[in-house]
Amino acid sequence: MKKTIFALAASAAALMTTGAMADGHAKTKACFIYIGPTGDFGWTYQHDQGRKSIEAAFGDKVETAYLENVPESAEAQRSIEKFARSGCNIIFTTSFNYMDPTNKAAGKHPDVKFEHATGYKREHPNISTYSSKFYQGRYIQGQIAAKMSKTGVAGYIASFPIPEVVRGINSFVLGAQSVNPDFKLKVVWVSTWFDPPKEADAAKALIDQGVDIITQHTDSTGPMQVAAERGIKAFGQASDMIKFGPKTQLTSIIDEWGPYYVSRVKAVMDGTWKQQDVWHGMADGNVVMAPYTNMPDEVAEAAKKTAAAIKDGSFEPFTGPITKQDGSVWLKEGEKAEVGTLLGMNFYVKGVDDKLPQ
Amino acid sequence: MRIELQKRAGGSSVFAVLSPFVALLLTVLAGGIMFALLGKNPVFALYTYFVEPLADPWSREQILVKATPLVLIAIGLAVCFRSGNWNIGAEGQYLIGGMFGAAIPVLFNEWQSPLVLPLMLLMGMAGGALYAFIPAILKARFGTNEILTSLMLVYVAQQFVDWLVRGPWRDPKGFGFPGSKQFNESAVLPSLSSGSDVHLGALFAVVAAIAIWFVLTRTLKGFEIAVLGQSPRAGRFAGFSAKRLTIFVFLLSGALAGLAGISEVSGSVEKLDDKLSLGYGFAAIIVAFLGRLNPLGILAAGLVLALTYIGGEAAQISLGVSDRAARVFQGLLLFFVLACDTLIHYRIRLVSRLPKAGAA
Numbered sequence: 001m002k003k004t005i006f007a008l009a010a011s012a013a014a015l016m017t018t019g020a021m022a023d024g025h026a027k028t029k030a031c032f033i034y035i036g037p038t039g040d041f042g043w044t045y046q047h048d049q050g051r052k053s054i055e056a057a058f059g060d061k062v063e064t065a066y067l068e069n070v071p072e073s074a075e076a077q078r079s080i081e082k083f084a085r086s087g088c089n090i091i092f093t094t095s096f097n098y099m100d101p102t103n104k105a106a107g108k109h110p111d112v113k114f115e116h117a118t119g120y121k122r123e124h125p126n127i128s129t130y131s132s133k134f135y136q137g138r139y140i141q142g143q144i145a146a147k148m149s150k151t152g153v154a155g156y157i158a159s160f161p162i163p164e165v166v167r168g169i170n171s172f173v174l175g176a177q178s179v180n181p182d183f184k185l186k187v188v189w190v191s192t193w194f195d196p197p198k199e200a201d202a203a204k205a206l207i208d209q210g211v212d213i214i215t216q217h218t219d220s221t222g223p224m225q226v227a228a229e230r231g232i233k234a235f236g237q238a239s240d241m242i243k244f245g246p247k248t249q250l251t252s253i254i255d256e257w258g259p260y261y262v263s264r265v266k267a268v269m270d271g272t273w274k275q276q277d278v279w280h281g282m283a284d285g286n287v288v289m290a291p292y293t294n295m296p297d298e299v300a301e302a303a304k305k306t307a308a309a310i311k312d313g314s315f316e317p318f319t320g321p322i323t324k325q326d327g328s329v330w331l332k333e334g335e336k337a338e339v340g341t342l343l344g345m346n347f348y349v350k351g352v353d354d355k356l357p358q
Numbered sequence: 359m360r361i362e363l364q365k366r367a368g369g370s371s372v373f374a375v376l377s378p379f380v381a382l383l384l385t386v387l388a389g390g391i392m393f394a395l396l397g398k399n400p401v402f403a404l405y406t407y408f409v410e411p412l413a414d415p416w417s418r419e420q421i422l423v424k425a426t427p428l429v430l431i432a433i434g435l436a437v438c439f440r441s442g443n444w445n446i447g448a449e450g451q452y453l454i455g456g457m458f459g460a461a462i463p464v465l466f467n468e469w470q471s472p473l474v475l476p477l478m479l480l481m482g483m484a485g486g487a488l489y490a491f492i493p494a495i496l497k498a499r500f501g502t503n504e505i506l507t508s509l510m511l512v513y514v515a516q517q518f519v520d521w522l523v524r525g526p527w528r529d530p531k532g533f534g535f536p537g538s539k540q541f542n543e544s545a546v547l548p549s550l551s552s553g554s555d556v557h558l559g560a561l562f563a564v565v566a567a568i569a570i571w572f573v574l575t576r577t578l579k580g581f582e583i584a585v586l587g588q589s590p591r592a593g594r595f596a597g598f599s600a601k602r603l604t605i606f607v608f609l610l611s612g613a614l615a616g617l618a619g620i621s622e623v624s625g626s627v628e629k630l631d632d633k634l635s636l637g638y639g640f641a642a643i644i645v646a647f648l649g650r651l652n653p654l655g656i657l658a659a660g661l662v663l664a665l666t667y668i669g670g671e672a673a674q675i676s677l678g679v680s681d682r683a684a685r686v687f688q689g690l691l692l693f694f695v696l697a698c699d700t701l702i703h704y705r706i707r708l709v710s711r712l713p714k715a716g717a718a
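Protein sequence lines correspond, in order, to chains E and V.
Residue numbers 1 to 358, in the working numbering, belong to the letters of the first sequence in order.
Residue numbers 359 to 718, in the working numbering, belong to the letters of the second sequence in order.
Errors might be hidden in some of the hints.
Claimed, not checked - Simulated pairs of lysine to any residue, SDA-like, Cα-Cα distance not exceeding 20 Å:
| # | chain 1 | residue 1 | chain 2 | residue 2 |
| --- | --- | --- | --- | --- |
| 1 | E | 121 | V | 685 |
| 2 | V | 633 | E | 348 |
| 3 | E | 104 | V | 579 |
| 4 | V | 531 | E | 189 |
| 5 | V | 539 | E | 198 |
| 6 | V | 633 | E | 189 |
| 7 | V | 531 | E | 348 |
| 8 | E | 311 | E | 357 |
| 9 | E | 121 | V | 565 |
| 10 | E | 186 | E | 304 |
| 11 | E | 150 | E | 231 |
| 12 | V | 579 | V | 561 |
| 13 | V | 633 | E | 304 |
| 14 | E | 121 | E | 292 |
| 15 | E | 243 | E | 292 |
| 16 | E | 108 | V | 579 |
| 17 | E | 304 | E | 180 |
| 18 | E | 108 | V | 633 |
To be verified - Simulated coverage check for chain E against chain V, where a stretch passes if three residues somewhere in it have a Cβ under 8 Å from a Cβ of chain V:
| # | segment |
| --- | --- |
| 19 | 57-71 |
| 20 | 179-190 |
These are calculated hints, taken from the structure and not from any lab test.
Nothing here was measured: the structure is a model prediction, and the numbers come from that model.
Glycine is no exception: its CB is placed at the ideal position from the N, C-alpha and C atoms.
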């Protein structure tokens, strides 16, 4: 027994010293805070793919780590702090409500670079924000939905009424109305990013109310699976969910974080990292549409055309005329939305059958 | 050959002291096997889990922060359990305590005064005690099973607090995220030293441990708790009322759980949100037993359990094991603690053959 304890202690001590050596700055350490499990096959899964592409790009020169299922609460503060103290050179926090904890940690650790996804606060020079124009993909989905729906009503499973989610809903409706001006959208707010049973229940409720297309702004494959059971169509979210609905998924917005993550880690290695706020879209390859499946060829062709127009900049979803839900004019004919209004979007456009929670 | 459990005449005093340590050792060994099965180096895994967090002062602080609610709740539970009252609902009492205390800064957000904090703490304790009073009175009056009622009230509390922070108490500027407004400074429990994350709640836990230890070992009340817990009949002959004691211990443990709740809300989270409870009320049951239902033992046991939380995070970072590993450790620990208690009352004998008739 004594021998075993001694052996254990000795090997622990040995590991301690090698660990300390690995902590030297020979390797760049990139760390990730996730809201859900890496196996959600949606939002977090896709960020984790981005983490893996850092490993693939830099091999031995980089070390990565992640913490999953970190609640957006006091726990997040501790987890971010823990990373900052365990030798991470750059920390990616990948959910909206990590905003304040990330900024707080950035103030305490000026030598560490912070990257906050989907937020807008940059209170210190060592914090950047980044997001993607997912709404561009939502517009294409709206068009497809209007062409595929028999009832003329789609269902939207929404998480929290933050601008990013509201923007997605509006863009979807605008896309649908470009095909069918009377198209309606029902919204269910589930107040969670990841809760498969709750998301699935929301999908069931929507289907019972007569929607025949489901789309979601939550992270699990629950809604896709319900749509598959009920034999209607659905859009995947954040990742290609075709495995979970081979006969159900029309397309999916795929979040490609890899190129951005690789470029930011590279910037840290080269010493060229600077604060920035990026909002990339389809043109940059950050928002990618999954193959158009389970639809007639002409619907797929139309979708491809819209995607090409968004990519080359000849078309932008938030272009007037657009009327707000209350009937007032938001954008006149040909007028383009200002970035500031889009980033702070807190109103619905006409055709959303829901009252925006305040 | 077979293994036989033989009842000891009295309890073994050696194993009464030793059994938590044996349980810890078995937990660590089982954990090592688990890591090996996951393809991780078990020695390195156990090192990151149980030693690394102790090496760094910041981590040690985090352990104290985590241990605070666990210890406060477990002390109250120990009193309940010693008296034969099985309060499984500390989780709910913790939540309602936090909610009662938070009511002041939530409803009077602008009110800044040195009175705010003491009032919040009192409200927290009152909330927890009131919520514990429900299963207590049901047991004393109608003889209901307190294990069931206290447990089921946990779910009621969870839903109620969840509704509050998503509905009437939600911060109108919070983008719809569940949670109240941030408290103002006079509603925040101060740190023990400036810049530290350890708040005054840690001091409450130590004071409570010493006070309850004193009550249990040096006062008539403590004697009453022990007598009624071990032999209700003997207690009745001594003139103690089991019903009155049930009410007393539930109120006490509810108040301590409520104090834990409001300390966490006011000292760590600084607002009321839907993630106040990370299962502390249930984890505290493990702490109470690991500490052998002794308040001073519970102080140590609370630190051990806090270590499994913080170590779980460290292991996730260095080894990439799931955050569920921490829960597995906690489960293993409770299992081994309860199993090892067998050794106090029984001795294990290896019997080579069936005993001959009449030989025993």
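Here is what the structure says about each hint:
Proximity of residue 121 of chain E to residue 685 of chain V is assessed by CA-CA distance (about 34 Å); at most 20 Å being required, the pair is judged violated. Distance restraint check for residue 633 of chain V and residue 348 of chain E: the Cα-Cα separation of roughly 30 Å exceeds the 20 Å cut-off, and the hinted pair is therefore not satisfied. At roughly 48 Å between alpha-carbon atoms, residue 104 of chain E and residue 579 of chain V are farther apart than 20 Å, so this suggested pair is violated. The straight-line distance between the Cα atoms of residue 531 of chain V and residue 189 of chain E is roughly 17 Å, inside the 20 Å bound, and the hint therefore holds.
Between residue 539 of chain V and residue 198 of chain E the alpha-carbon distance is near 26 Å, which puts this suggested pair outside the 20 Å criterion. With a CA separation close to 19 Å, the supplied pair residue 633 of chain V and residue 189 of chain E stays within the 20 Å bound. A distance of roughly 18 Å separates the Cα atoms of residue 531 of chain V and residue 348 of chain E; the hinted pair therefore holds under the 20 Å criterion. At roughly 33 Å between alpha-carbon atoms, residue 311 of chain E and residue 357 of chain E are farther apart than 20 Å, so this suggested pair is violated.
Using a Cα cut-off of 20 Å, the hinted pair residue 121 of chain E and residue 565 of chain V is violated, with the two alpha carbons roughly 42 Å apart. With a C-alpha separation of about 26 Å, the suggested pair residue 186 of chain E and residue 304 of chain E falls outside the 20 Å cut-off, and the hint is violated. Of the supplied pair hints, the one linking residue 150 of chain E and residue 231 of chain E holds, its CA atoms being roughly 13 Å apart against a limit of 20 Å. Distance check on the hinted pair: residue 579 of chain V and residue 561 of chain V sit about 24 Å apart at the alpha-carbon level, beyond 20 Å; violated.
Taking the CA atoms of residue 633 of chain V and residue 304 of chain E, the gap is near 43 Å; set against the 20 Å cutoff, the hint is violated. Distance check on the hinted pair: residue 121 of chain E and residue 292 of chain E sit about 36 Å apart at the alpha-carbon level, beyond 20 Å; violated. Among the hinted pairs, residue 243 of chain E with residue 292 of chain E is consistent with the structure: their alpha-carbon atoms are about 14 Å apart, no more than 20 Å. Of the pairs offered as hints, the one joining residue 108 of chain E and residue 579 of chain V is violated, with about 50 Å between alpha carbons and a cut-off of 20 Å exceeded.
A threshold of 20 Å between alpha carbons decides the hint, and for residue 304 of chain E with residue 180 of chain E the separation of about 18 Å falls inside it, so the pair holds. Between residue 108 of chain E and residue 633 of chain V, the direct Cα distance comes to roughly 25 Å. Violation of the 20 Å bound is thereby established for this hinted pair. A count of 6 residues in the segment 57-71 of chain E with a Cβ less than 8 Å from any Cβ of chain V is obtained; the coverage claim is therefore met, three being the minimum. Coverage of the segment 179-190 of chain E by chain V is violated [criterion: at least 3 residues with CB-CB distance below 8 Å; count 1].
The earlier numbered hints that this structure contradicts are 1, 2, 3, 5, 8, 9, 10, 12, 13, 14, 16, 18, 20.
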